[in-house]
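J.: Construct the complete structure from the given sequences, taking the supplied hints into account.
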Amino acid sequence: MANAQGDNSNTSQSTSASLGSTGGNSGGTNGGGTGGINGVTSGGAGQVGPDEIPANYTIVITGQRPSGLHPVLPLASMGQEFGWLGKGFGIGIYNTYTELAAMIPGQLAINRIVWGLPDHIVPRNSSLAMGASVGAGAAMFFGGPEVKAEQMVAAEEAGYLYRGVHVGHPGFEAAEAGRVVPGDINGTVSAATHNKDALSVAKSPFTSWTSDLFVAETNAMKAGQGGIILRVPNTPAPRGATWSWQVSPDIYGESEILMRGIRDGVEVMGR
Amino acid sequence: MSAQAKNLLRAVKSALETSVYEETLRLLPDEGTGIDVWSPSHGTVRQLLPSLKARLQNAERSGKLIYGLASIIMRLEQMHVEEKVVGYGVTALHAEGMIYLLEHNLEGLGVVLVDR
Numbered sequence: 198m199a200n201a202q203g204d205n206s207n208t209s210q211s212t213s214a215s216l217g218s219t220g221g222n223s224g225g226t227n228g229g230g231t232g233g234i235n236g237v238t239s240g241g242a243g244q245v246g247p248d249e250i251p252a253n254y255t256i257v258i259t260g261q262r263p264s265g266l267h268p269v270l271p272l273a274s275m276g277q278e279f280g281w282l283g284k285g286f287g288i289g290i291y292n293t294y295t296e297l298a299a300m301i302p303g304q305l306a307i308n309r310i311v312w313g314l315p316d317h318i319v320p321r322n323s324s325l326a327m328g329a330s331v332g333a334g335a336a337m338f339f340g341g342p343e344v345k346a347e348q349m350v351a352a353e354e355a356g357y358l359y360r361g362v363h364v365g366h367p368g369f370e371a372a373e374a375g376r377v378v379p380g381d382i383n384g385t386v387s388a389a390t391h392n393k394d395a396l397s398v399a400k401s402p403f404t405s406w407t408s409d410l411f412v413a414e415t416n417a418m419k420a421g422q423g424g425i426i427l428r429v430p431n432t433p434a435p436r437g438a439t440w441s442w443q444v445s446p447d448i449y450g451e452s453e454i455l456m457r458g459i460r461d462g463v464e465v466m467g468r
Numbered sequence: 838m839s840a841q842a843k844n845l846l847r848a849v850k851s852a853l854e855t856s857v858y859e860e861t862l863r864l865l866p867d868e869g870t871g872i873d874v875w876s877p878s879h880g881t882v883r884q885l886l887p888s889l890k891a892r893l894q895n896a897e898r899s900g901k902l903i904y905g906l907a908s909i910i911m912r913l914e915q916m917h918v919e920e921k922v923v924g925y926g927v928t929a930l931h932a933e934g935m936i937y938l939l940e941h942n943l944e945g946l947g948v949v950l951v952d953r
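Those protein sequences? They're chains A and B, same order as listed.
Residue 445 in our numbering sits at position 248 of the first sequence, and the numbers go up by one each step.
Residue 951 in our numbering sits at position 114 of the second sequence, and the numbers go up by one each step.
These are computed hints drawn from the structure, not numbers from a lab.
Please note that a few of the clues may not be correct.
Derived DSSO-like pairs (lysine-lysine); straight-line CA-CA distance at most 30 Å [said to hold, decoys possible]:
| # | chain 1 | residue 1 | chain 2 | residue 2 |
| --- | --- | --- | --- | --- |
| 1 | B | Lys901 | A | Lys400 |
| 2 | A | Lys419 | B | Lys901 |
| 3 | B | Lys850 | B | Lys890 |
| 4 | B | Lys890 | A | Lys400 |
| 5 | B | Lys921 | B | Lys843 |
| 6 | B | Lys890 | B | Lys901 |
| 7 | B | Lys901 | B | Lys850 |
| 8 | B | Lys850 | A | Lys400 |
| 9 | B | Lys843 | B | Lys901 |
| 10 | B | Lys843 | B | Lys890 |
| 11 | A | Lys419 | B | Lys921 |
| 12 | A | Lys419 | B | Lys890 |
| 13 | B | Lys921 | B | Lys850 |
| 14 | B | Lys890 | B | Lys921 |
| 15 | B | Lys850 | A | Lys419 |
| 16 | A | Lys419 | A | Lys400 |
| 17 | A | Lys419 | B | Lys843 |
| 18 | B | Lys901 | B | Lys921 |
| 19 | A | Lys400 | B | Lys921 |
T.: What follows is the structure in structure tokens.
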């Protein structure tokens, strides 16, 4: 399982941990990479080139997105792009954090995660163009003590809510910075109208979220490639928060839930 | 139903292709259909069309039946993106959704309806 030879089975049953220093068989040469990973990270990594990754870090290419909705990635082609995988980094396919945690040896913990497939890893013209452009669950870097794998598992079990933001959306720039802003914070549009009427959102104090990653993706792709997906844990607003959840009538069956207000610090999964 | 609401509903129904028309007649009877004439929403084809397309993709995947959606998308695709549209929320005994019209002459464009 844990190699990059095109074994794109999403069952990931093998126990051959690829998360060690043995490195994954990327199938590619150490070609120096193609400029690093242009993902949005939870650890502030931003651009990460192959030479910047500590030796004890492990790259994991997820076989599926966190919700398990999408087909596995073509690791053979990714391996070629990840020519620098031969430098002692492991590579593996994991469908869930739970599964991933089971593969993490010893006390290895997570301190940095990079989400999103950069365009130069999967060409836009590939069948995965959509996945590449709106990204989700692509690469992670491991090592360090900050976030335990168990915490990631807990977060996954709690679930996430997603929001797709398309290119040209009035709130796109803010979204890129992890800030969610409704069309009109003082708007009087009701939750029912927001849900029912696509034209009402500009005057709405709500933003639309969904537990269905596919729905978020279609929204992110409304204006073509380049959209982004935001993700937040499916947990109640803390006391005093500037935002709150509100039930949506969800008449179109899109697993919608509404967020009222402005929220900062939202995770940008990628583009 | 007010005269204005009746006119709107009539305008929309007259614009519908046969299959959607029949469903709309069933779902939105002249009597018993509420149209929110007081707070229409306004926008352009550019704003509305991508949202409806995304909704269609989601519905096709989930199996959710949304009456009139594919039809109005086809109609909007033939229009200029800056054409202004107006939408009214509708609620009936067995359905709810939106009716959309051209803003400048209230010519009907179509409906987006779901069972309730």
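J.: Give me the numbers of the hints this structure contradicts, sorted from smallest to largest.
T.: 17
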